[in-house]
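Could you build all of it, start to finish, from the sequences and the hints given here?
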Amino acid sequence: DVKVTQSSRYLVKRTGEKVFLECVQDMDHENMFWYRQDPGLGLRLIYFSYDVKMKEKGDIPEGYSVSREKKERFSLILESASTNQTSMYLCASSWDFRDGDRYGYTFGSGTRLTVV
Amino acid sequence: GQQVMQIPQYQHVQEGEDFTTYCNSSTTLSNIQWYKQRPGGHPVFLIQLVKSGEVKKQKRLTFQFGEAKKNSSLHITATQTTDVGTYFCAGRRHSGYALNFGKGTSLLVTP
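Chains as they are written, first to last, in this note's numbering: chain A, 1 to 116; chain B, 1001 to 1111.
Some clues are possibly wrong.
One side of the interface only, derived from the structure: several residues of chain A facing chain B at Cβ under 7 angstroms [what the hints assert, rightly or not]: (1) 42; (2) 45; (3) 104; (4) 107; (5) 109.
It should be emphasised that the hints constitute simulated quantities derived from the structure, not laboratory data. For clarity, every value in this text was computed on a predicted model and none was experimentally measured. For each residue, glycine too, the CB sits at the ideal point set by N, CA and C.
Have a look at this one:
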């Protein structure tokens, strides 16, 4: 069974801490994404990557950075966590855009981050 | 970014009733996808529509893509309690860019 695995299901961090959210996929997908999900706001794209070491900003990149050193791993970094970054973070992966999204995005189970 | 609007935000139906959620984009979409998220779960891909006017069915679910490729709908016939969850549409403005998700429609089905 194909999988996108996020390292933590629940995380509590203090304001100002540097936070790493890890995501690993085992499907050899080219594309990987980070979304955050908040009640009433749906899923908002933070960053995505279409290849190793490549990244593109999404709609809400402020306060975040990403790293993709290997094809299977995509990390989201909160440089200095703030309370407004308390949210559910969802990682996803997909085949190359040229393949027309044959199977859509595969999402991980999410990390619920609380910043206190 | 690109706006994908979805209505209604919530829908509460009795089991056996039909349900429809609508998705509208401010720009022409290259394709549209639909996802379902069960309570406490993560979004799961349901289907993709690519062609203008396309209609696809999955058992009791019918998906449509508008002629202008700016709107889409998901219709569930005779809802069941297993249909409970949030349904998201997601569109791509052009190839080579990530999906933009609507805010979703939360469906509650009572027996």
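Do the hints match the structure? See the list:
Nearest Cβ of chain B to the Cβ of residue 42 of chain A: about 4 angstroms, under the 7 angstroms cut. The hint holds. Hint on residue 45 of chain A holds. Least Cβ distance to chain B is approximately 5 angstroms, under the 7 angstroms limit. Using the Cβ-Cβ criterion of 7 angstroms, the hint placing residue 104 of chain A at the interface with chain B is satisfied: the shortest such distance is roughly 3 angstroms. Restraint check, residue 107 of chain A versus chain B: the minimum CB separation of about 4 angstroms is within 7 angstroms; hint holds.
A cut of 7 angstroms between beta carbons decides the hint on residue 109 of chain A: the least distance to chain B is about 5 angstroms, and the hint holds.
The structure agrees with every numbered hint stated previously.
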